[in-house]
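Chemist: In case you want the letters, here they are:
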Amino acid sequence: MDVAVHAHGEPGYPSVLASDHEAPDVLFSTGDLAALDAPRVTIVGGRQCTHYGRDVSRRLGRDLAELGVCIVSGLALGIDGAAHEGATSVRGAPPVAVVGSGLDVPYPRRHARLWQEVAARGCILSEAPLGAPPAPWRFPLRNRILAALAQVLVVVESRVASGTQYTIDAAASRGIPVMAVPGPIHSQMSEGPNRLLREGCAPVLGVDDILDVLHLSHGTTAEARDRRAPPARCDERVLAAVDWTPTPVDSICRRTGQRPTEVAVALAHLEIDGWITGQGGWWTRLAPP
Amino acid sequence: MIATVPSATVLGVQGLPVTIEVHVSNGLPGFQIVGQPDTACRESRDRVRAALLSSGLPWPVRRVTVNLAPSGTRKGGGGLDLPIALALLTADGFLEPAALEGIAAMGELGLDGSLRGVPGMLAMVDAVDAPTVVVPRPAAHEAALVGRHLVLAPANLAEAVAALKGDAPWPPMPPPTDPPPTPPPPDLADVRGQPLGRWALEVAAAGGHHLLMTGPPGAGKTMLARRLAGLLPPLTREQALETTRVQSAAGVPLPPGVLVTDPPLRAPHHGASRVALLGGGSEAMRPGEISLAHNGVLFLDELGEFPPGLLDALRTPLEEGVIRVSRARAMVTFPARCLLVGAMNPCPCGEGGPPGSCRCTDSARARYARRVSGPLLDRFDLRLHIAKPDVGELLEDTAGECSAVVAGRVAAARAMADDRGFATNARIPGSQLRHHVAPTPPARRVLEYRLRTGALTARGLHRVQRVARTIADLDGADRVDEAHVCGALELRLDATDLAVA
Numbered sequence: 130m131d132v133a134v135h136a137h138g139e140p141g142y143p144s145v146l147a148s149d150h151e152a153p154d155v156l157f158s159t160g161d162l163a164a165l166d167a168p169r170v171t172i173v174g175g176r177q178c179t180h181y182g183r184d185v186s187r188r189l190g191r192d193l194a195e196l197g198v199c200i201v202s203g204l205a206l207g208i209d210g211a212a213h214e215g216a217t218s219v220r221g222a223p224p225v226a227v228v229g230s231g232l233d234v235p236y237p238r239r240h241a242r243l244w245q246e247v248a249a250r251g252c253i254l255s256e257a258p259l260g261a262p263p264a265p266w267r268f269p270l271r272n273r274i275l276a277a278l279a280q281v282l283v284v285v286e287s288r289v290a291s292g293t294q295y296t297i298d299a300a301a302s303r304g305i306p307v308m309a310v311p312g313p314i315h316s317q318m319s320e321g322p323n324r325l326l327r328e329g330c331a332p333v334l335g336v337d338d339i340l341d342v343l344h345l346s347h348g349t350t351a352e353a354r355d356r357r358a359p360p361a362r363c364d365e366r367v368l369a370a371v372d373w374t375p376t377p378v379d380s381i382c383r384r385t386g387q388r389p390t391e392v393a394v395a396l397a398h399l400e401i402d403g404w405i406t407g408q409g410g411w412w413t414r415l416a417p418p
Numbered sequence: 006m007i008a009t010v011p012s013a014t015v016l017g018v019q020g021l022p023v024t025i026e027v028h029v030s031n032g033l034p035g036f037q038i039v040g041q042p043d044t045a046c047r048e049s050r051d052r053v054r055a056a057l058l059s060s061g062l063p064w065p066v067r068r069v070t071v072n073l074a075p076s077g078t079r080k081g082g083g084g085l086d087l088p089i090a091l092a093l094l095t096a097d098g099f100l101e102p103a104a105l106e107g108i109a110a111m112g113e114l115g116l117d118g119s120l121r122g123v124p125g126m127l128a129m130v131d132a133v134d135a136p137t138v139v140v141p142r143p144a145a146h147e148a149a150l151v152g153r154h155l156v157l158a159p160a161n162l163a164e165a166v167a168a169l170k171g172d173a174p175w176p177p178m179p180p181p182t183d184p185p186p187t188p189p190p191p192d193l194a195d196v197r198g199q200p201l202g203r204w205a206l207e208v209a210a211a212g213g214h215h216l217l218m219t220g221p222p223g224a225g226k227t228m229l230a231r232r233l234a235g236l237l238p239p240l241t242r243e244q245a246l247e248t249t250r251v252q253s254a255a256g257v258p259l260p261p262g263v264l265v266t267d268p269p270l271r272a273p274h275h276g277a278s279r280v281a282l283l284g285g286g287s288e289a290m291r292p293g294e295i296s297l298a299h300n301g302v303l304f305l306d307e308l309g310e311f312p313p314g315l316l317d318a319l320r321t322p323l324e325e326g327v328i329r330v331s332r333a334r335a336m337v338t339f340p341a342r343c344l345l346v347g348a349m350n351p352c353p354c355g356e357g358g359p360p361g362s363c364r365c366t367d368s369a370r371a372r373y374a375r376r377v378s379g380p381l382l383d384r385f386d387l388r389l390h391i392a393k394p395d396v397g398e399l400l401e402d403t404a405g406e407c408s409a410v411v412a413g414r415v416a417a418a419r420a421m422a423d424d425r426g427f428a429t430n431a432r433i434p435g436s437q438l439r440h441h442v443a444p445t446p447p448a449r450r451v452l453e454y455r456l457r458t459g460a461l462t463a464r465g466l467h468r469v470q471r472v473a474r475t476i477a478d479l480d481g482a483d484r485v486d487e488a489h490v491c492g493a494l495e496l497r498l499d500a501t502d503l504a505v506a
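Keeping their order, the protein sequence lines are chains A and B. First residue of the first sequence: 130, per the working numbering; consecutive thereafter. First residue of the second sequence: 6, per the working numbering; consecutive thereafter.
Chain A extracted, bound-state conformation:
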């Protein structure tokens, strides 16, 4: 792994950060810093997230990257990782990650492979010296860099009091537009973005909303080209019984009045065709019929 060191004020230091009032004095990078030249959207959110949040984050990452927008995120579990998973799943703009540990200390370890993937396609930045462990105090500091790199900050899912709040505050203090993805009002994980919306943030209802703020033209994304097979007649009743929030099999059985075996077949069909997704016995709708 090649690591470059950039001191503030010297040539090679990323120009986006050079003008920032809290710019790091020394910045370590691996990968190609040219990734920062594209329009940049920072996607942030909680480590714990619902399937909805993960799915939205992954789609935004994928579609924006495909349309040439650089995805900046923190490689954390949950929303951050999902955004980069999306961005690295297509040929598109190279992604950028800002991490809280040394560049040779992949953290979280579950994302070690994603970490390499991002470094290979785009670049990873860190303020921490090589070998620095992921100490808790480094993450709020890391978050200000995430905000400083953004042209638009998108909050997907977060609790009210969380690390994401640092990033939001840092973006707001720099005058960077903050956008929020609305979620169910009874989901704790959507409380953060929903409050932002109440305070007047612009909502993200799709990629186009973000492109508008970046003054980029709309394009055709994988989403629009992706046509799934319509559900079979017999599976439609089960699909109707699956909510957009995680639904237990028991509820699906009760709503349809079908036996667990019948429901299981329909769920398997719907999953293969991409209508729903399952996790730990909870099923979530992915697309309207």
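Warning: the hint list may mix true and false statements.
Below, a sample of chain B positions facing chain A; criterion: calculated Cβ distance under 10 Å [claimed, not checked]:
#1 PRO351
#2 PRO447
#3 ARG455
List of simulated lysine to any residue pairs, SDA-like, C-alpha gap at most 20 Å [to be verified]:
#4 B:LYS393 with A:TRP373
#5 B:LYS393 with A:THR374
#6 B:LYS393 with A:PRO235
#7 B:LYS393 with A:ARG383
#8 B:LYS393 with A:SER144
#9 B:LYS393 with A:GLN317
Pairwise CB distance ranges (calculated) [to be verified]:
#10 A:ARG324 with B:THR187: 28 to 38 Å
#11 B:ALA369 with A:SER346: 51 to 61 Å
#12 A:GLU365 with B:ASP317: 39 to 49 Å
#13 A:GLU365 with B:ASP195: 29 to 39 Å
#14 A:GLU151 with B:ALA369: 39 to 49 Å
#15 A:HIS344 with B:PRO313: 32 to 42 Å
#16 B:ASP317 with A:ARG303: 26 to 36 Å
Derived by calculation from the structure, the hints in this document are not laboratory data. The C-beta atom is built at its ideal place from N, Cα and C for all residues, glycine as well.
Position chain B relative to chain A; hints supplied.
Modeler: The following block gives chain B in isolation, referenced to the frame of chain A:
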């Protein structure tokens, strides 16, 4: 003079034949027991003396030596009181040696001469070769289960001696006691809602698949688990004898009909020690909970609270159906073929509902899930999340299907497995799965998808195939169809998903 009486003690769940040799000679009055007696056995001297005197029988004021042959193994318990007393009376000349010809005896003496049963009577009687056995009256029916002996059951020492002297006939066998009204076992009809949980119980009972339930407290995991034993078919005579032998050796009260015919349910608390769960002990090798659940259900509630090492020790016995307990003094094999049912919360706070709803940190949840090791988790063919029941269903008046109806379907499915030559589908070896579980093309498609997306491993595939076979049997189907495979997949959450909250 010398007299010998055959008897037996119990080691683990096996009877150990012991010959009581008593030598009475002139010399300083004394009484000594040799041949590695344990404390209870050594105290026999005082019980025998008091019992003889209070029964109006002579106590020899001579030198008495009692040998428990073979002298190399340790003998425990009070079951040797009666044979010692009888041999002593014979050696003293009070009884004719001919009167004890072909008679074995066992039982504990009270100070008033009354006879009491001891744990493991079934195994002890089984170990003796003599055609006739004298046992305490309370243990008469248990001794008769062996069926090879003429069982004589006096109530006290005086009755036994009178009969041996020919002064009185042996008392007839006690009539079988009428079973007192027992509360009916918990019925599945009491469970409101929970269609998935009920179905999982049915599949577990039909195929002998180990079952793991996760879910928040109060969702009904324990309630469901306690109803599983009621779905299993009644024990065959052979199974019943095995189970009765274990329960008798452990000193668990036997049912009124003596023979344990209903599959047992054992639910040890998570504070149980290693020996209590697996069997062992320094004095008597006692069967553990896993053996007490032989041919029944072992229910481990709060699985995550059991010491991880202890849970891993269950793996081998679950696979082999027996547990070998080795100690410095003895090596004992206990039967341990049981259906394991585990229940645990999804995370330390226990409130894990849908993904994203609990407040535990990611690492706390991962730590909690790690308490159950991967290999043990792998033993559970059925793994499902029990969600809190719907409020409306709790208040509904309509009862669900009762246990008897479900048990009927289970029995039919087990008969199909039996035709294939396996006691249960869970025991179909991997090499024969191809032969017995040929999926239809649509079923293949589902399996292929799961294998390709990495949701199913090659090892998991075998387990899914076995469960699918059971679901097909419950349907009365010859071939394993799509519905059966999908059902099996629905009942098998990923190990990582169990910690989802």
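Chemist: Evaluate each hint against the coordinates.
Modeler: Against the structure, the hints:
1. A hinted interface residue such as B:PRO351 counts as satisfied when its beta carbon comes closer than 10 Å to some beta carbon of chain A; here the least separation is about 8 Å, so the hint holds.
2. Interface hint at B:PRO447: satisfied, since its Cβ lies 9 Å from the closest Cβ of chain A, which is below the 10 Å cut-off.
3. With 10 Å as the threshold, the beta carbon of B:ARG455 comes within range of chain A, its nearest partner Cβ sitting at about 8 Å, so the hint holds.
4. Restraint check for B:LYS393 and A:TRP373: satisfied, since their Cα atoms lie roughly 19 Å apart, inside the 20 Å limit.
5. Proximity of B:LYS393 to A:THR374 is assessed by CA-CA distance (about 16 Å); at most 20 Å being required, the pair is judged to hold.
6. Distance check on the hinted pair: B:LYS393 and A:PRO235 sit about 39 Å apart at the alpha-carbon level, beyond 20 Å; violated.
7. A hinted pair counts as satisfied when its Cα atoms are at most 20 Å apart, and B:LYS393 with A:ARG383 qualifies at roughly 13 Å.
8. Using a Cα cut-off of 20 Å, the hinted pair B:LYS393 and A:SER144 is violated, with the two alpha carbons roughly 55 Å apart.
9. This hinted pair checks out: B:LYS393 and A:GLN317 have alpha carbons roughly 19 Å apart, not beyond 20 Å.
10. In this structure the hint that A:ARG324 and B:THR187 lie 28 to 38 Å apart at CB is violated, the actual value being about 59 Å.
11. Checked against the given bound of 51 to 61 Å, the beta carbons of B:ALA369 and A:SER346, roughly 46 Å apart, lie outside it.
12. For the hinted restraint 39 to 49 Å between A:GLU365 and B:ASP317, the CB-CB distance of approximately 46 Å keeps it satisfied.
13. Our hint of 29 to 39 Å for A:GLU365 and B:ASP195 holds, since their Cβ atoms are close to 35 Å apart.
14. Range check, A:GLU151 to B:ALA369: about 33 Å between beta-carbon atoms, so the 39 to 49 Å window is missed.
15. Remark: the range hint 32 to 42 Å for A:HIS344 to B:PRO313 is contradicted by a beta-carbon distance near 57 Å.
16. Restraint check, B:ASP317 to A:ARG303: a C-beta distance of roughly 54 Å breaks the suggested window 26 to 36 Å.
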